[in-house]
Structures are given as structure tokens and as C-alpha cells.
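Participant: Here is how the chains run, residue by residue.
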Amino acid sequence: MNYLVPLPVILPLFGAGATLMLSRRPRAQRVVSLSVLLAVVVIAAALLVRADRLGPQVAWIGAWTPPLGISLVADRLSALMLLVSAVVTLVVLAYSIGQGMTGDESEAPVSIYHPTFLVLVAGVSNAFLAGDLFNLFVSFEMLLFASYVLLTLGGTATRIRAGTIYVVVNMLSSALFLISIAAVYAATGSLNLAQLAQRIQDLPDSVSLTLQMLLLVTFSVKAAVFPLSLWLPDSYPTAPAPVTAVFAGLLTKVGVYAVLRVQTLLFPDSPLSNLLMWAALVTMVIGILGAIAQSDIKRMLSFTLVSHIGYMIFGIGLATEAGISGAVFYVAHHITIQTALFLVVGLIERRAGSTSLLRLGGLTRLAPVLAILFFVPAMNLAGIPPMSGFVGKVGLLQAGLDVGSPLAITLVIGGVATSLLTLYAVAKTWAIAFWRTPEQAHETALALPGPGEEADLEHPTVPMVRHRGHVHAGGTAYAAADLENARLVRDDEAPDRDLYQLLRDGELPDRLPRSMVLPAAALVGFSLVFTLVAGPMFDYTDRTAADLVQRTPYLQAVLGGSVR
Amino acid sequence: MSTNVSLIVTASALIGCGVYLILERSLTRVLAGLLIMGNGVNILFLIAGGRAGKAPIEGTADAADMSDPLPQALVLTAIVIALATTAFLLAMAHRSWQLNGNDDVQDDVEDASIRRLAAADEASDSHDLATGGDDDEVLTEEGA
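These protein sequence lines are chains A and B, in that order.
For what it's worth, the numbering used here labels the leading residue of the first sequence as 94, then goes sequentially.
For what it's worth, the numbering used here labels the leading residue of the second sequence as 56, then goes sequentially.
Worth double-checking, as some hints may not be accurate.
Pulled from the structure, derived: some chain A residues nowhere near chain B, Cβ distances all over 10 Å [unchecked claim]:
1) Asn95
2) Leu104
3) Phe107
4) Pro119
5) Arg143
6) Thr209
7) Asp295
8) Pro297
9) Val300
10) Val310
11) Asn367
12) Val487
13) Gly497
14) Ala614
15) Gly618
16) Pro646
Listed next, the stretches of chain A that the computed footprint assigns to chain B, with coverage defined by at least 3 CB atoms under 8 Å from CB atoms of chain B [claimed, not checked]:
17) 229-238
18) 242-250
19) 270-280
Treat the hints as calculated values from the structure; they're not laboratory data.
Virtual Cβ for every residue (Gly too), placed ideally from N, Cα, C.
The task is simple: from the sequences and hints, build the whole structure.
Facilitator: So, in C-alpha cells, the structure goes:
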């Protein structure tokens with residue numbers, strides 16, 4: 094019996110209850126939720142060390158005779174995911190407290206925020222630790238429910254619109270998950286992952302393939318694998334910055350984790366390499382093409398998120414130790430980097446009043462620290478050496494070359510192309526939002542024609558090309574919706590104004606609150622730590638992958654000596 | 056394992072109706088669809104539990120005659136979760152009605168902009184244009 098294992102789930106739940114009771118005392122709420130998450134970080138680190146030294150840590154809840162009860166298992170994979178997610182959630186909470194303290198989020202009732210956030214953390218931890226399918230379902234529901242509330246905080250029209258799609262899609266995938274669970278139970282008479290690992294082998298191929306496909310589709314919706322990813326870029330960007338950050342970092346990765354766990358533990362004999370690799374290729378390419386087409390930084394990042402899920406699915410699809418090791422490394426790297434980027438975008442929104450490329454310019458001069466904070470993770474995302482994004486991609490591509498099948502080689506090429514296109518997408522954002530002057534931004538917005546209008550041919554101020562309703566100007570394309578937005582800039586009296594107008598009228602905060610910058614900087618720093626410890630970290634993920642491929646450490650730890 | 060055909064038929068009918076309703080635009084109908092589908096899924100669990108038997112309470116019957124308690128526990132959990140989700144979705148439908156006067160599921164922002172684009176397409180072909188000197192080449196390429 095290991096009493097550390099359930100704590101990452103129980104502590105946040107107790108914390109949620111406590112913060113709910115303290116809802117009239119915001120200061121006490123902050124102290125409780127921060128100390129709970131700090132404790133979870135410490136426990137996760139302890140679990141990581143124990144799982145690495147002593148093998149998987151198992152706890153049976155409720156003192157039923159194994160294998161009847163509910164098991165929580167922290168093996169190397171779970172412990173790593175747990176540690177990374179704990180650190181990320183701690184930083185995001187600190188950031189959102191910083192945001193709330195400066196008193197801008199009047200539309201987000203803080204008294205609800207803390208309990209919901211803690212329930213989300215409990216759900217994520219439980220998903221990483223769950224040792225049986227139904228417990229996994231319950232943890233998905235926990236984190237989804239918290240995410241429904243966080244996404245629709247304040248109930249504004251845009252959030253309700255985005256929230257409707259998000260909630261319905263996820264309820265549908267939950268129903269699918271229940272159907273899969275019923276099918277698995279009907280076929281095997283158990284839901285414990287370790288027992289299933291043994292029993293599924295005895296099933297006829299057609300039955301086990303059906304179960305596998307059901308589970309894969311369910312988890313692919315959560316992980317946002319194309320074509321099941323279309324809900325994501327539409328729903329994430331509307332939420333408050335810290336919420337988007339934690340969703341982007343963690344929720345999709347829970348889906349990836351579930352795919353990885355199920356593929357390695359339950360269906361080792363049927364890796365479905367071709368299917369997964371095609372899905373990975375399409376996810377990478379379509380995602381990044383979508384990112385290039387966006388003119389809002391939040392939407393652009395949401396598309397890169399979808400795109401980079403493809404790398405992880407690629408590693409899982411290879412089904413070799415090297416591939417899985419690369420995928421695990423990439424998941425850990427990507428959780429931190431994607432969260433950091435969304436936090437920085439929140440800072441941009443705070444400093445410049447918008448995240449639309451139409452309205453931004455000159456941020457480098459306006460806020461040099463912000464520029465550094467954006468530049469470092471953006472380059473890391475694109476995979477510029479020597480940062481961890483580069484190391485992770487090299488690991489995956491190397492694994493692909495080792496396999497050497499035509500499809501794997503195609504994916505390696507696709508991966509390199511995606512990496513380059515990511516660089517293009519973030520470099521475009523960098524050039525437009527940070528490098529040109531606010532005046533240039535303003536002039537471009539003024540010169541853009543309205544959706545059905547002719548451009549001003551007589552006095553061209555800004556070179557532009559019109560193509561099928563898009564207008565290309567100043568290094569990017571603006572779609573019809575942007576053209577409508579640009580009209581608002583023309584009207585000097587309109588409440589919705591661009592950076593140039595805001596600066597001219599002196600309506601921007603002079604500087605960013607330190608309580609928001611510091612957490613974002615800390616997370617950027619944490620993502621650079623992956624670069625420094627890339628060697629030991631890859632050793633660790635290699636050991637993780639070896640465990641996952643062998644399966645015996647997990648099975649022995651859960652079922653004791655009675656491995657069949 | 057013997058299965059009860061009527062349960063299978065009921066489950067598939069419920070899930071079919073649920074899917075049909077989910078495809079509707081109004082959020083309340085979508086919700087009704089999700090509920091009906093959820094009931095169908097719960098019946099699937101009954102099928103997964105095997106043949107029906109005595110209540111699984113120790114001491115009341117022989118263990119061999121009891122029905123399997125685990126699927127029933129799972130269904131119970133699923134029902135509780137469905138209750139909470141229903142409450143949340145109803146609140147969202149109400150909020151949507153407050154804001155927009157209806158509870159229709161609205162279009163994706165991007166979809167809406169693409170549709171406007173398609174509507175404006177005929178017009179846009181007629182006035183492809185380039186301002187500034189250097190873009191003429193681009194025009195011929197892209198205007199094609």
C-alpha cells in the first residue's frame with residue numbers, strides 16, 4: 094500500500110471544498126489553492142523518484158481484495174505526466190491570481206474559479222493515475238466538467254457560443270467512451286487495465302480490433318487528432334488566457350496519454366501503425382496549414398496545438414521503444430511550451446489590448462521583456478536548436494528513420510515540413526506583432542477595403558493583393574471577418590480600437606503587472622530546463638518506453654505475483 | 056453468454072433517436088438527444104452484465120443466481136454524471152436564450168466567414184486588383 098499515490102487526487106478535491114467554503118475570503122482561497130498545488134508538485138516529484146527507483150507504485154482504494162477494487166497506478170509514464178502537469182497548473186494558478194489581483198476580470202467570478210480549477214487538477218491527476226477504464230472515464234468527466242465551467246466563465250455571448258460546441262462534442266465523446274466500456278466489459282468481464290491486458294489477448298481478432306477502434310476514436314476526440322479536432326480551434330481561444338493556457342497544455346495531452354496507455358498496455362500486438370501514422374501526418378499538415386491562415390494569435394496557437402499533437406501520435410504509431418520514448422519526451426515538452434505561449438499571449442492582450450494581428454505592432458519597443466518571453470517559447474515550438482523542441486523532434490524523426498518503412502519516411506518528411514511551417518507561422522506573428530510600428534499597423538488597417546469594397550487605387554498607401562475574398566497585405570492574409578474588423582479601426586469613435594489609437598489616446602496600462610509576468614517567465618524558464626536536462630530526461634523516457642513495451646513491470650506491480 | 060434481443064433492439068432504437076436529435080439545431084433538442092442516447096448506452100451496460108438474476112445482496116440468494124452488480128454500479132455513476140450535465144446544458148440553453156432570444160447552436164466563426172466568402176466570391180473575381188507597383192506578377196498568379 095502506497096499512501097502517496099492517491100494524494101494528487103485527494104488533496105485538490107479537499108482544496109476545492111475548502112476554497113468553496115472560503116468563497117467570501119479571496120485571500121484565504123488563494124493561500125489554500127496555491128499551497129495545495131505546491132504540495133501536489135512535491136508529491137508528484139516524490140512519486141517520480143519512487144517510480145523510477147522502485148518500479149510502479151500501486152494503491153488499491155477501499156481495501157477490497159485485488160483485483161476487485163479501484164487501483165491507482167503511478168509508473169514512470171504516469172509520474173512524469175503528473176509532475177509536469179502539477180508544475181504547469183501551479184504556474185497557471187499563480188498567473189491567474191496575478192491577473193485577478195489587478196482587478197480586470199470583473200466578468201470572471203473568482204470565487205468559482207479556484208474550486209473549479211482544483212477540480213480540474215484532480216481530474217487530470219486521476220486520469221494519469223487511473224488503473225481501470227471506468228476510473229479513467231470518471232476522471233475525464235471530472236476534468237471536463239471543470240472545463241465546461243471554466244470555458245463559460247461569466248457567460249458572455251462568445252463564450253456561450255464556443256462553450257455549446259465544446260460541451261456537446263465532449264458529451265458525445267463521453268457517450269462513446271461509455272459504449273466502449275460496456276463493450277469491453279461484455280467481452281472480458283473486467284475493466285482493470287492490468288487484467289484487460291491479459292484477457293484481451295485471448296479474444297478473437299475481430300472483437301479486440303473493434304474494442305481498440307472504439308477506444309481510439311474516443312481518445313482521439315479528446316486528443317484532437319484530425320479529423321476529430323475541428324472543435325478545438327473554435328472553442329479554446331474565447332476563454333480567459335490562463336484557462337486557455339491550461340486547457341491547451343493539459344486536456345489534449347490527457348487524451349494522448351490515454352491513447353499511449355491503451356495502445357501499449359492493452360493492444361501491444363496490434364499497433365495499427367499505418368492508421369495512426371496517416372492520422373498523425375494529416376493532423377500535422379492540416380493543423381499547421383490552418384495555423385498559417387490565422388490572423389489572430391490565439392487561434393494561430395490553437396491550430397499549432399492540433400498540428401503538434403500529430404508528432405506525439407507519430408511516435409505512438411511507430412510502436413518502437415525509440416518512437417514511444419520520443420513521444421513521451423515530446424508530450425512533456427509540449428505541455429510546458431504550449432501553456433507558456435498562451436500565458437504570454439494573455440500578457441500581449443493585457444499590454445496591447447488585442448491579440449489580432451490586424452491591430453498589433455511595435456511590441457518589441459513597447460514591451461521588450463514581453464518580446465523575449467514570446468520569442469523564446471515560439472522558437473522552441475518551431476524546434477530551433479538547441480532547445481527542447483529540437484531535441485524532441487530529432488528523437489522522433491530518428492525513431493522514424495530507424496523504422497525506415499516508406500510511410501515512416503513520409504512522416505519524417507512531413508514532420509520536418511511541419512516544423513518549418515511552424516517556424517513560418519510564429520515568425521510571421523513575430524514580424525507583424527512585434528517588429529512593425531503601430532503606425533504601420535494602423536495604416537494597413539485603414540487601407541484594407543471593406544468586404545465588398547474596392548481598394549483605393551488612386552492613392553495606394555499600402556501594397557496589397559486581393560484573392561478570392563482574402564486580402565494579402567503587409568506579409569499576411571486577412572479574411573472577410575478581418576476586413577469587417579478593420580472597418581472598426583477606421584471609425585475613430587468606435588470603442589474597439591487598435592494599438593496605435595490606444596497609444597495615441599494613452600489608454601493602455603503603462604506596464605504589465607509583475608504578478609503576471611513572473612509566472613509566465615517562470616514557465617518559460619521551466620521549459621528551458623528541459624533543454625538543459627535533455628540527456629537525463631531522454632534516458633528517463635527511454636526507461637519509460639522500455640517499461641511500456643515490456644508491460645511486465647506494470648502487470649506485476651498491479652496484479653502481484655499472480656501474473657496469469 | 057446469452058443476450059436478450061429485446062434489450063439490444065431497445066438500446067439501438069434509443070441511440071438512433073438520440074443521434075437524430077443531436078443533429079438538430081436547437082440546444083434543448085440536442086440535450087434531449089444526448090439524454091435518450093445516454094439511456095440507450097445504459098441499457099448496453101445491462102446487456103454487458105449478462106443474463107438477469109436475483110438482486111445481488113449477500114445472503115438473499117445463491118451467488119450463482121445473482122445478476123452481475125458491477126454494470127449496475129457503473130450505470131448508477133453514469134446516471135449521476137448525466138444529471139449534472141443536463142443541469143449544466145439547461146443553464147447554458149437558458150443563458151443563450153437570454154442573450155440571443157433562441158437556443159440555437161451557432162455557427163463556428165470560421166465557418167460563418169467562409170460562407171460570407173463564398174457569397175462574395177462572384178463579386179471578388181471581377182475586381183481582383185493590385186495596388187503598388189511590385190505586385191502585378193502576384194496578381195496574375197493568384198488571380199488565375
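Participant: Each hint should be assessed against the structure and marked as holding or not.
Facilitator: Tested hints:
For A/Asn95, the shortest C-beta to C-beta distance to chain B comes to about 25 Å, beyond the 10 Å cut-off, and the non-interface label holds. Taking the minimum C-beta to C-beta distance to chain B, about 23 Å, the non-interface status of A/Leu104 holds against the 10 Å cut. With a minimum CB-CB distance of about 20 Å to chain B, A/Phe107 clears the 10 Å threshold, and the non-interface call stands. Every CB of chain B lies more than 10 Å from the CB of A/Pro119, the least distance being 24 Å, so the non-interface label holds.
With a cut of 10 Å on Cβ distances, A/Arg143 stays outside the contact zone with chain B, its closest approach being about 30 Å. Distance check on A/Thr209: its Cβ is at least 12 Å (rounded) from any Cβ of chain B, clearing the 10 Å threshold; non-interface status holds. At roughly 15 Å from the closest C-beta of chain B, the C-beta of A/Asp295 stays outside 10 Å, upholding its exclusion from the interface. The beta carbon of A/Pro297 sits about 14 Å from the closest Cβ of chain B, which is more than 10 Å, so the claim that it is off the interface holds.
Look at A/Val300: its CB is around 13 Å from the nearest CB on chain B, clear of 10 Å, so calling it non-interface holds up. A cut-off of 10 Å between C-beta atoms confirms that A/Val310 is not in contact with chain B; the least separation is 15 Å. No Cβ of chain B approaches the Cβ of A/Asn367 within 10 Å, the least distance being about 29 Å, so the stated non-interface status holds. Separation of A/Val487 from chain B is adequate, the least Cβ-Cβ distance of about 34 Å exceeding the 10 Å criterion.
The Cβ of A/Gly497 lies farther than 10 Å from every Cβ of chain B, with a closest approach of about 38 Å, so its non-interface assignment holds. The Cβ of A/Ala614 sits about 32 Å from the closest Cβ of chain B, beyond the 10 Å cut-off, so the non-interface label holds. The beta carbon of A/Gly618 sits about 34 Å from the closest Cβ of chain B, which is more than 10 Å, so the claim that it is off the interface holds. Even its closest Cβ contact with chain B, about 27 Å, leaves A/Pro646 beyond 10 Å, as expected for a residue assigned away from the interface.
Counting residues of the stretch 229-238 of chain A whose CB lies closer than 8 Å to any CB of chain B gives 3, so the stated coverage by that chain holds, three being the minimum. Three residues within the 8 Å Cβ limit are the bar, and the stretch 242-250 of chain A against chain B gives 4, so the coverage statement holds. Taking a C-beta to C-beta cut-off of 8 Å, the stretch 270-280 of chain A contributes 7 residues in contact with chain B, enough for the three needed, and the coverage statement holds.
Violated hints for the displayed structure: none, as all numbered hints are satisfied.
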